[in-house]
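Go by the hints and put chains B, C and D onto chain A.
Chains as they are written, first to last, in the working numbering: chain A, 1 to 384; chain B, 1 to 384; chain C, 1 to 384; chain D, 1 to 384.
Be aware that one or more of the hints could be misleading.
Since the list gives no way to pick out one identical chain from another, each pair is judged satisfied if it fits inside one copy or across any two copies.
In the SDA-like style, the derived pairs of lysine to any residue whose C-alpha atoms are separated by at most 25 Å in a straight line are [said to hold, decoys possible]:
#	residue 1	residue 2
1	54	156
2	54	196
3	189	373
4	280	313
5	189	298
6	54	27
7	189	51
8	189	359
9	54	299
10	280	297
11	280	182
12	280	183
13	280	187
14	280	294
15	280	310
16	280	292
17	189	313
18	280	323
19	280	315
Source of the hints: derived by calculation from the structure; they are not laboratory data.
Number of protein chains: 4
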Amino acid sequence: MSGESARPAAPRPIRLGMVGGGEGAFIGAVHRIAARLDGQYALVAGALSASPEKACRSAAALGLAPERAYASFTEMARAEAARPDGIEAVAIVTPNHMHAPVAAAFLEAGIHVICDKPLATSLAEARRLQELATARRRLFAVTYNYIGYPLVRHAQALIAAGALGEIRIVQVEYPQDWLTEPVEDTGQKQAAWRTDPAQAGRGGCLGDIGTHAFHLAGFVTGMQPAELAADLATFVAGRRLDDNVHIMLRYASGARGMLWASQVAPGNENNLRLRVYGAKGGIAWRQEQPDALHLSPFGHPTEIVTRASPAVLPAGQRVTRIPPGHPEGYLEAFATIYAEIAAAIRSEANEAVTFPGIADGVAGVAFIEAALRSSENGAAWVRL
Amino acid sequence: MSGESARPAAPRPIRLGMVGGGEGAFIGAVHRIAARLDGQYALVAGALSASPEKACRSAAALGLAPERAYASFTEMARAEAARPDGIEAVAIVTPNHMHAPVAAAFLEAGIHVICDKPLATSLAEARRLQELATARRRLFAVTYNYIGYPLVRHAQALIAAGALGEIRIVQVEYPQDWLTEPVEDTGQKQAAWRTDPAQAGRGGCLGDIGTHAFHLAGFVTGMQPAELAADLATFVAGRRLDDNVHIMLRYASGARGMLWASQVAPGNENNLRLRVYGAKGGIAWRQEQPDALHLSPFGHPTEIVTRASPAVLPAGQRVTRIPPGHPEGYLEAFATIYAEIAAAIRSEANEAVTFPGIADGVAGVAFIEAALRSSENGAAWVRL
Amino acid sequence: MSGESARPAAPRPIRLGMVGGGEGAFIGAVHRIAARLDGQYALVAGALSASPEKACRSAAALGLAPERAYASFTEMARAEAARPDGIEAVAIVTPNHMHAPVAAAFLEAGIHVICDKPLATSLAEARRLQELATARRRLFAVTYNYIGYPLVRHAQALIAAGALGEIRIVQVEYPQDWLTEPVEDTGQKQAAWRTDPAQAGRGGCLGDIGTHAFHLAGFVTGMQPAELAADLATFVAGRRLDDNVHIMLRYASGARGMLWASQVAPGNENNLRLRVYGAKGGIAWRQEQPDALHLSPFGHPTEIVTRASPAVLPAGQRVTRIPPGHPEGYLEAFATIYAEIAAAIRSEANEAVTFPGIADGVAGVAFIEAALRSSENGAAWVRL
Amino acid sequence: MSGESARPAAPRPIRLGMVGGGEGAFIGAVHRIAARLDGQYALVAGALSASPEKACRSAAALGLAPERAYASFTEMARAEAARPDGIEAVAIVTPNHMHAPVAAAFLEAGIHVICDKPLATSLAEARRLQELATARRRLFAVTYNYIGYPLVRHAQALIAAGALGEIRIVQVEYPQDWLTEPVEDTGQKQAAWRTDPAQAGRGGCLGDIGTHAFHLAGFVTGMQPAELAADLATFVAGRRLDDNVHIMLRYASGARGMLWASQVAPGNENNLRLRVYGAKGGIAWRQEQPDALHLSPFGHPTEIVTRASPAVLPAGQRVTRIPPGHPEGYLEAFATIYAEIAAAIRSEANEAVTFPGIADGVAGVAFIEAALRSSENGAAWVRL
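This is chain A alone, in the form it adopts within the complex:
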């Protein structure tokens, strides 16, 4: 990226549709800003709510043409596929249980899919989607957005280049605190669906943020654990899904890891943090201060590597927009995923395509199922 002005000629915006993300939604608005930030998309159609009335009102608020404000996603998929100016891609930002049916409908209609995580509420469902995407040759992105941060890209490249030596230890954690009390009982929409197995699937905290932690660690280290032992807990009385996740990880290489995710840890807002240690050095990165990476070459002082500074490798430089010291954040990282998807849609094969795809989505669901199985068996080791 580093300055959109560097691009040779302004491409026509990609026509984007959205399913979910109507009034009161959080992640839908994030996707819209992310799509807009680099000027690569135009939002032109939507089925923004399961409630037709709300869907209509939300569409008007977003300036969609009335005829492209759909009451159902099936109708939308059909109608958009039929239009000469129909959407090229759809963003799916519904509760988890709707990801797979909606994605399938748009894949069937020949439309690229950008889907929030977790991909599906069962591994079988996830795999069917994967087959469908392959069969239909449609692009399928899963918005594990945290790998959009420039210093996450830098960390990945550092490790791939051997800067830390052989990786030994992976400590990843993702504590939040917003579910410390039973807010789902107060009608808070975000909490309600996330703690409802019918909408969220069988993982609570595990699916909502544990999967992000798992994905981030896998991306940065380039390694997937071979097996895990999980101890899930639910601390809030009456809650139907886990709200705290403790997992030990073993890698085929002999490396070991720990993953902690929690939504009941007061003082933690969105405190995703990754530390990786190898035979030659270690790194530490924290999402709440994403513009700094601590790099500790063994025997030397820890260095504070900042986004866009000369120490950052090309993989990180490529996805930074403004100079160091001018903080970029969550929306920029999310926008980077969208920009990379746009580049892929445009088939600009000369740009790196790093956004998370359906294989990442399937792996995330496999992780959820493995962790559940382990926890249900007294934290027995389960192969991934």
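Below, chains B, C and D alone, put in the same frame as chain A:
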């Protein structure tokens, strides 16, 4: 703000033009992202470079219609004023010496102006612009963007509400390091014009970032110094403007302050920082970690107040987009200024209009002149 | 404490002996400074090394009278017990395998014991010591020194007072990096004995620092885990003991925990850190910045509570010496343990006796054995 | 230092006396711990209070022999000089106005002096002491204790070795908050004398902590300012001395500086902080986290250099006691000054003698007088 989806109906985007900001520019790209982020503007015209060829190429890269890619700003002002679909506002992102002539041309043409700082290269020029804007009844915004941060708004509201008691001490500093070496001699464009009196005006570091520090302190405290004593220095041999600024401040109330700005302080990227102390408490805020404000009520532990958390006052909540822990940064703060300008252009009188206006621009130039006069007189006290 | 000058009359120093801690030792010097810092002890005798020559040279360097520089601890125990001015307490700072024999010898001789951790190299041995100490009615302290920090005391008192509500999650970690490479092969004395099962016992990192983490978490929360699942690893080729420890914890109350200890995590010097989360709030404390505790009441900003500040409870105030902002560190915390032992020896029953005793020592060894058993059984849950 | 056990043979403790530091004193207790920590001194005599009764009670509490608990310092100087086992050095920890008379008395008696800062309440008085010390050939130390920190020594050595290139900018600040309210009116002893011109001299905050900031900057940079412009203020109504100090500094080399000291800045406990910038890099150090120094070589990432780590130069290593990650603090730094004084008293010429001497003391008083003169003349530049 807090979610564009909350808005009742999607307003038509404001038609925006840009002067400056072509290939190789920094702040032009920032303005474009800021304008785009909340979906309130459409960039439709530009005179993007003093070089016609570059202007043309830059316009194409940004997708402007060829007939609205102008070779000169005078032509642009005239032509756009004549179009029924002409621009409603122009963003001026040229080197400093062009701010005033360009702004005057568009004001004369009846077009609102969004101008980078410092407003002008002399106080007389700045005041003429102010008169012109008043006479033409056009909106005039000066992008002192750092007051777009939510916690800066919160800090201002806290102090206005008396949370710190009577203000005693203001410590503001803005160190950078990118001019530690004579990069202007290497052809680096950003450095070249900023160290050239013909383009930057008589203030170097003083005008480029000292004015930001001055504006931030004034906004947050609600107080303007009555007098200042300035000691400017130029450390890099051959440099023609100051690169380090030391200023002591006195306020009419008896409060005292210090302002330090530097572009030759290695280890500081864009380290704007404000501390304010009163009879009842103190605050500290740092631009590089903008989502945290330290509040120290005297006799009690320091509190880390985070953006969008319940402790933030409405003035701060209003300009936050996403939940705490999901970092917002420089571009979001800049976009907030643009969104507030958009609201003012639409005359939505029911929203607070907090963006910096021409009075702030004039005050910034007055500050530069006072500091220069003081420094030239051995750091004598000079009234503002 | 808070000022030795507050004490009514200067008591005679307690006569102290030392076993171990000769030339090249680390922890022996620490014990000596700790004993000296508050002026409560006089070091008057020692068997400072297993090598008689070294013992003699070390004693001279410390100013011991030649006749009280012993070549063996058995001789020392016998001779000191026979002197009218014999030592009242002995500090045992040998490698682990000598703790129990030395301690037993001095207990038999009727001398109080201050012993480094872990108490013994087997649980059976530890329990025999406990019986002996009880039978001989001698005071027995085990220097889990990290609970000497004022803010650790404050944290314990906060939780005991219910400030965090029911405890749900305990995250404790103690990473170091000094064994990242096989320094034991280079003759480094500290590394050599700690990685030698004959001297260290069956736990490497587990016994050396894992026990500290375990003890700290137990002290602060007031809870001991009911069971644990441990996954130990040895990353450095040829090393004979574990150098990385991953443990999941379950408490009888339903609380869960994670414990990570490592000596191969580059960038971590002595990074002991404890976080505890309850239904009403959370705390975080880090040994490398011991003068600050983060307290997060749910729904309110995190507070930075500083040592000796008004927010600190009496249990913390009592063990602080100087005002906030004047950092106290490791030696002060260690000295606090020594001062509390001194108070107990003097039978000043009116002062709180909080130093770790033999029960803590036994619990530490039980923890080591349980973790080894779990890890040897594929991280099976083992009761503590 | 690095381990007292390295010393060849235990030297006899130096016999130390103390004037001031009785009940309720702060700095007296600090001096006593500092003297004790490395086992180099024995406190054997004192005139601990101007009130004979309090002096007697304080001496008993400290275990002094009754005949060496003096009611007046003149008596003490005379009597100790006459004893064969009289004190070799005296620590003067009285309010400022007594420093000079007490020091003179002990110098006249041929006894070495360790005096708290500021050395005297007038420059004339300070110079007379200097002459007297020279004439009597007695050692005279002034406890500017902050230069006892290992990383301050390292910083000094780094700069002396040219690591930062030519020094351009010195930013030093020392904010506290304990005088935010008029606590002197409540009988708080520490506040009462420090705000009383008769006891503190003509500088309030300026003398109490401004001098520390001034000394630290001078020590680390190896440069003394050529002139200063000071703006002192008193914010608390009724207070008779300054409580906030703003100073601009100019060095003969062309370097510039700022010094801020305050005792009315809520949220700052003892927040001494130094930043130095040169043509090749910058450093930042903060007393409240003394075990980390930020080193920023221009163009490279900032490094976090930790006490006792391999990156620390010998000047820093020499004064560290325990490994990195085991925090040392204020008392250790103070003890280092005492240990260096002890080495000088013993004439161990083979150890570096870095403690602050009477020349530092005189320079501190000259600084106070210059700042007062400048401030009284509207912040005019005054030569130092």
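Here is how each hint holds up against the structure:
Proximity of residue 54 and residue 156 under a CA criterion of 25 Å is satisfied in neither setting, with 42 Å inside one chain copy and 37 Å between copies. In the homo-oligomer, the alpha carbons of residue 54 and residue 196 lie at most 25 Å apart inside one protomer (21 Å), although the nearest pairing across protomers, at 57 Å, exceeds that limit. For a Cα distance limit of 25 Å, the shortest separation of residue 189 from residue 373 qualifies neither inside one copy, at 28 Å, nor across copies, at 46 Å. With identical chains, the CA atoms of residue 280 and residue 313 are at most 25 Å apart both within one copy (18 Å) and between copies (23 Å).
In the homo-oligomer, the alpha carbons of residue 189 and residue 298 lie at most 25 Å apart only across protomers (20 Å), although the nearest pairing inside one protomer, at 47 Å, exceeds that limit. For a Cα distance limit of 25 Å, the shortest separation of residue 54 from residue 27 inside one copy, 17 Å, qualifies, whereas the shortest one across copies, 39 Å, does not. In this assembly of identical chains, residue 189 and residue 51 lie within 25 Å of each other by CA distance solely inside one copy; the values are 14 Å within and 54 Å between copies. Taking CA atoms no more than 25 Å apart as the test, residue 189 paired with residue 359 passes in neither setting, with 30 Å inside one copy and 44 Å between copies.
With identical chains, the CA atoms of residue 54 and residue 299 are never at most 25 Å apart, being 59 Å at best within one copy and 31 Å at best between copies. For the homomeric pair residue 280 and residue 297, the shortest alpha-carbon distances inside one copy (6 Å) and between copies (23 Å) are both at most 25 Å. Within a single copy, residue 280 and residue 182 get their C-alpha atoms only as close as 45 Å, which misses the 25 Å cut-off; across copies the closest is 12 Å, which meets it. Taking CA atoms no more than 25 Å apart as the test, residue 280 paired with residue 183 passes between copies only; the shortest distance there is 14 Å, against 45 Å inside one copy.
In this assembly of identical chains, residue 280 and residue 187 lie within 25 Å of each other by CA distance solely across copies; the values are 21 Å between and 50 Å within a copy. Taking CA atoms no more than 25 Å apart as the test, residue 280 paired with residue 294 passes in both settings, with 14 Å inside one copy and 22 Å between copies. Proximity of residue 280 to residue 310 under the C-alpha cut-off of 25 Å is found in both arrangements, the shortest distances being 22 Å within a copy and 16 Å between copies. Within a single copy, residue 280 and residue 292 get their C-alpha atoms as close as 20 Å, and across copies as close as 22 Å, so both meet the 25 Å cut-off.
Taking identical chains as interchangeable, the C-alpha atoms of residue 189 and residue 313 lie at most 25 Å apart only when they sit on different chains, with a minimum of 23 Å there against 41 Å within one chain. When the C-alpha separation of residue 280 and residue 323 is checked against a cutoff of 25 Å, the pair qualifies only between copies, where the shortest distance is 21 Å, while the shortest distance within a copy is 30 Å. Only within a single protomer do residue 280 and residue 315 lie at most 25 Å apart by alpha-carbon distance; the minimum there is 21 Å, versus 28 Å between protomers.
Checked against the numbered hints given earlier, this structure breaks hints 1, 3, 8, 9; the rest are met.
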